[in-house]
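Visitor: Sequence:
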Amino acid sequence: MNQDELSDLIVSTRLVSQARIAALAQPAMRRCARCGISDAALGIELDGEGICNECRRFDRSGDLLAGYFRDEQALQTLLAGRAALRRGDYDCLLLYSGGKDSTYVLYKLIDMGLRVLTFTFDNGFISRQALDNIRAITTELGVEAIIAGHAEMRQVFHESLSRFSTVCKGCFKALLDLSLVLADQRGIGTIVTGLSRGQIVEERLKYFYERQQWDQARIEAELAQGRQVYHTMERFAGLDGKPFEDGAIFERVSLVDYFRYSAVTKADIFAELRRRNLRWTQPTDTGFCSSNCLINDVGVSVHLEERGYSNYEVPTSWEVRLGHLERGAAVEELAGVSDPGRVDKILRHLKYVPRRRPAQPGLIAYCVLREGASLALLERTLARQLPAGVAMPRL
Numbered sequence: 001m002n003q004d005e006l007s008d009l010i011v012s013t014r015l016v017s018q019a020r021i022a023a024l025a026q027p028a029m030r031r032c033a034r035c036g037i038s039d040a041a042l043g044i045e046l047d048g049e050g051i052c053n054e055c056r057r058f059d060r061s062g063d064l065l066a067g068y069f070r071d072e073q074a075l076q077t078l079l080a081g082r083a084a085l086r087r088g089d090y091d092c093l094l095l096y097s098g099g100k101d102s103t104y105v106l107y108k109l110i111d112m113g114l115r116v117l118t119f120t121f122d123n124g125f126i127s128r129q130a131l132d133n134i135r136a137i138t139t140e141l142g143v144e145a146i147i148a149g150h151a152e153m154r155q156v157f158h159e160s161l162s163r164f165s166t167v168c169k170g171c172f173k174a175l176l177d178l179s180l181v182l183a184d185q186r187g188i189g190t191i192v193t194g195l196s197r198g199q200i201v202e203e204r205l206k207y208f209y210e211r212q213q214w215d216q217a218r219i220e221a222e223l224a225q226g227r228q229v230y231h232t233m234e235r236f237a238g239l240d241g242k243p244f245e246d247g248a249i250f251e252r253v254s255l256v257d258y259f260r261y262s263a264v265t266k267a268d269i270f271a272e273l274r275r276r277n278l279r280w281t282q283p284t285d286t287g288f289c290s291s292n293c294l295i296n297d298v299g300v301s302v303h304l305e306e307r308g309y310s311n312y313e314v315p316t317s318w319e320v321r322l323g324h325l326e327r328g329a330a331v332e333e334l335a336g337v338s339d340p341g342r343v344d345k346i347l348r349h350l351k352y353v354p355r356r357r358p359a360q361p362g363l364i365a366y367c368v369l370r371e372g373a374s375l376a377l378l379e380r381t382l383a384r385q386l387p388a389g390v391a392m393p394r395l
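Under my numbering, the letters of the sequence shown match residues 1 to 395, in that order.
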């Protein structure tokens, strides 16, 4: 719809006598001078100094947020206590992707003297180099490694993209459901994740942080309750939550985020991997935000197209605020996708067509209202009459 057609449509409402359309200049996307998040991300605004509202809030409340995190001694005590309750041969089940973070965690758990079983969820798009890393390192350590998939991942990915504009939500659900069942079957009382601190804030603490609720006992209780709700109510193809409905499994198997207890930086992780002279190698066939997954870039691309910013903006900005990542490295990770051709090929395989985001309100309509009319009434009327995909102009 061109500007003349839009003007005619506005006049046809009979709420205005005249309408003229002009273009609004669109400001260029800006990034926070401190954490690197863009002002395209939902709810993000930059002040006169170029600092985002989340960084300003962190200045005020960061110490309270830091109270959730612990040290490695607390982790050793926790895991030792859980190991004493095991019903099988292993102390813990590590969710092992073959990426840098979970490889680092694997070695640290072995250093603690724990008997570790690793579980790798093959979503059908795991880097071959990442799988080589998994086999080489677990063989070297004498660790049993289980690699399993889910038969309906194509549909899971399609549903995840449709609902969340990212592939990660559906993939995580499959990973967490399958690993929970496996741990229980093998008599393992603890699942260890490699969620980064930024992901922990986004996935675990965002609710409490926004409400400034920092009673640790309450947080632990509500997270435990939320975990059960998640497994039973968050559903995707072939993942209906039925194995978890009675809640008993959550009494037998707990979940521990390793990096809640470790403030190690990304640079420290790479240095440790080099120091150990490991068999781990950085895959060259993945995107900027992953060291193990080929489909990750699809989620990044779709989120950018449908929502206007990367799904990694928020967790990556938290990595910077919490001192895990330098701002420059964060901005590099948010550069977009590394292989657009592969993204298009995978989208065709999934039979998913990204929904084009309605154009940002880039037009202003100057209107002469008729007596008794209001801009609010005009906006409501236009909302019913504008063709799909045509953005509401500023009135």
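These are calculated hints, taken from the structure and not from any lab test. Careful, some of the hints might be misleading.
With a straight-line cut-off of 30 Å between C-alpha atoms, the simulated DSS-like cross-links for lysine-lysine are [unchecked claim]: (1) Lys-169 with Lys-242; (2) Lys-108 with Lys-169; (3) Lys-351 with Lys-242; (4) Lys-345 with Lys-169; (5) Lys-100 with Lys-266; (6) Lys-108 with Lys-266; (7) Lys-242 with Lys-206; (8) Lys-206 with Lys-108; (9) Lys-169 with Lys-351; (10) Lys-351 with Lys-266; (11) Lys-169 with Lys-206; (12) Lys-206 with Lys-100; (13) Lys-100 with Lys-169; (14) Lys-345 with Lys-100; (15) Lys-242 with Lys-100.
Ranges of calculated distance between the beta carbons of each label pair, as one might list FRET restraints [to be verified]: (16) Gly-336 with Asn-53: 19 to 27 Å; (17) Ala-23 with Ala-148: 48 to 56 Å; (18) Arg-355 with Ala-136: 38 to 46 Å; (19) Asp-215 with Leu-369: 49 to 57 Å; (20) Ala-84 with Leu-131: 53 to 61 Å; (21) Asp-344 with Ala-80: 46 to 54 Å; (22) Ala-224 with Ser-374: 44 to 52 Å.
Please read all numbers here as calculations on a predicted model, not as lab measurements. Glycine residues also receive a C-beta, built at the ideal position from the N, C-alpha and C atoms.
Visitor: Going through the earlier hints one by one, which of them does the structure break, listed in rising order?
Guide: Hints 10, 15, 20 not satisfied by this model.
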